[in-house]
Amino acid sequence: MSDKNNTEKRDGDNGREYDGNGVSRRTALGRGVGAGIGFATIGLTSAFATAVSAAPAAAASRPASAGRGAPQDAGSLPRTVAGIRIPRSEVAQKAAAFAQSASSPTLFNHVMRTYLYGCVLFDQRGVSYDRELVFVAAVLHDLGLVEAYQTPSERFEVDGADAARRFLREQRMPAARVEVVWDAIALHTNAGIAKRKRPEIAMVSVGSGLDFAGNDLQRIPSGTLEEILDAFPREGFKQNAVDTMLSLCRTKPMSVMMHPFAEVGRRHIPGFPVPTVEDLVLAAPFAE
Numbered sequence: 140m141s142d143k144n145n146t147e148k149r150d151g152d153n154g155r156e157y158d159g160n161g162v163s164r165r166t167a168l169g170r171g172v173g174a175g176i177g178f179a180t181i182g183l184t185s186a187f188a189t190a191v192s193a194a195p196a197a198a199a200s201r202p203a204s205a206g207r208g209a210p211q212d213a214g215s216l217p218r219t220v221a222g223i224r225i226p227r228s229e230v231a232q233k234a235a236a237f238a239q240s241a242s243s244p245t246l247f248n249h250v251m252r253t254y255l256y257g258c259v260l261f262d263q264r265g266v267s268y269d270r271e272l273v274f275v276a277a278v279l280h281d282l283g284l285v286e287a288y289q290t291p292s293e294r295f296e297v298d299g300a301d302a303a304r305r306f307l308r309e310q311r312m313p314a315a316r317v318e319v320v321w322d323a324i325a326l327h328t329n330a331g332i333a334k335r336k337r338p339e340i341a342m343v344s345v346g347s348g349l350d351f352a353g354n355d356l357q358r359i360p361s362g363t364l365e366e367i368l369d370a371f372p373r374e375g376f377k378q379n380a381v382d383t384m385l386s387l388c389r390t391k392p393m394s395v396m397m398h399p400f401a402e403v404g405r406r407h408i409p410g411f412p413v414p415t416v417e418d419l420v421l422a423a424p425f426a427e
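Start counting the sequence shown at 140; every next residue gets the next number (this note's numbering).
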């Protein structure tokens with residue numbers, strides 16, 4: 140999960156506590172940064188915290204040099220992978236082409252695996268879902284990691300959801316379907332909420348969580364896993380993911396406040412300026 144241009148600013152390398160806009164941590168707290176920010180982020184799937192501190196399940200990792208599966212061209216995607224159908228509708232194909240043109244090969248392969256893993260896990264349970272809707276949401280779910288679609292302060296999930304909404308409106312997708320895609324992308328890192336929503340929303344969270352940290356990997360049959368990784372290799376996904384998280388922490392640090400990515404910043408960036416949840420509650424303007 141990385142974009143093509145991971146330009147990193149070394150804010151904080153000298154121990155100074157400031158964000159990308161020159162705002163100190165103390166100043167941010169004094170201004171009440173975080174006012175109105177919900178605490179849903181605290182309940183994010185534990186996969187993210189695990190992935191920051193330890194490598195995900197080794198069984199899901201393949202070396203980029205293994206020689207399998209050249210990067211896919213969105214116009215020539217396979218019709219099926221491991222028995223899972225790739226939608227061929229016009230909007231699905233345009234979404235795939237858009238995602239591939241915007242993304243690095245590593246990121247594009249990740250979003251494709253997200254779709255495939257989600258399908259495998261929900262097919263096992265016999266759940267009915269709209270395949271086109273899941274596919275579109277999955278392939279567009281990480282646009283917020285692409286520099287061209289990033290805003291200065293929004294979480295990457297919201298940036299991605301907004302970019303997908305704009306694209307799908309241009310394709311004249313019905314508004315109700317667009318909003319399902321928006322929810323699936325905006326909620327995909329919050330499994331505790333996404334899993335309680337309709338299947339098309341839950342599947343993006345479940346599929347991306349499996350690819351990110353190996354959640355439920357044991358439920359993927361070995362032959363199925365082999366076929367998915369052959370079609371869409373990981374291509375150094377782990378280090379790519381860490382590099383992307385650090386890039387977000389450096390270029391738009393306040394967007395990761397109360398987000399698990401902030402732990403990556405605190406570990407690797409001296410003087411990382413983003414307040415913790417404890418900082419926020421202790422700085423609340425109440426006399427006690």
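Some hints here could point you the wrong way.
To be verified - As a list, the in silico DSBU-like pairs of lysine-lysine whose alpha-carbon atoms are at most 30 angstroms apart:
#, residue 1, residue 2
1, Lys377, Lys334
2, Lys377, Lys233
3, Lys336, Lys233
4, Lys377, Lys336
I should point out that these hints are in silico values taken from the structure, not numbers from a laboratory.
- Query: Is lysine 336 close enough to lysine 233, meaning Cα to Cα at most 30 angstroms?
  - Reply: holds, 26 angstroms
### Query
Within 30 angstroms, alpha carbon to alpha carbon, are lysine 377 and lysine 334?
Roughly 24 angstroms separates the two Cα atoms, so the pair holds.
Item checked: Given pair status - lysine 336, lysine 377, alpha carbons within 30 angstroms -> holds, 28 angstroms
Query - Given pair status - lysine 233, lysine 377, alpha carbons within 30 angstroms - result: holds, 28 angstroms
Of the hints listed earlier, there is not a single one the structure fails to meet.
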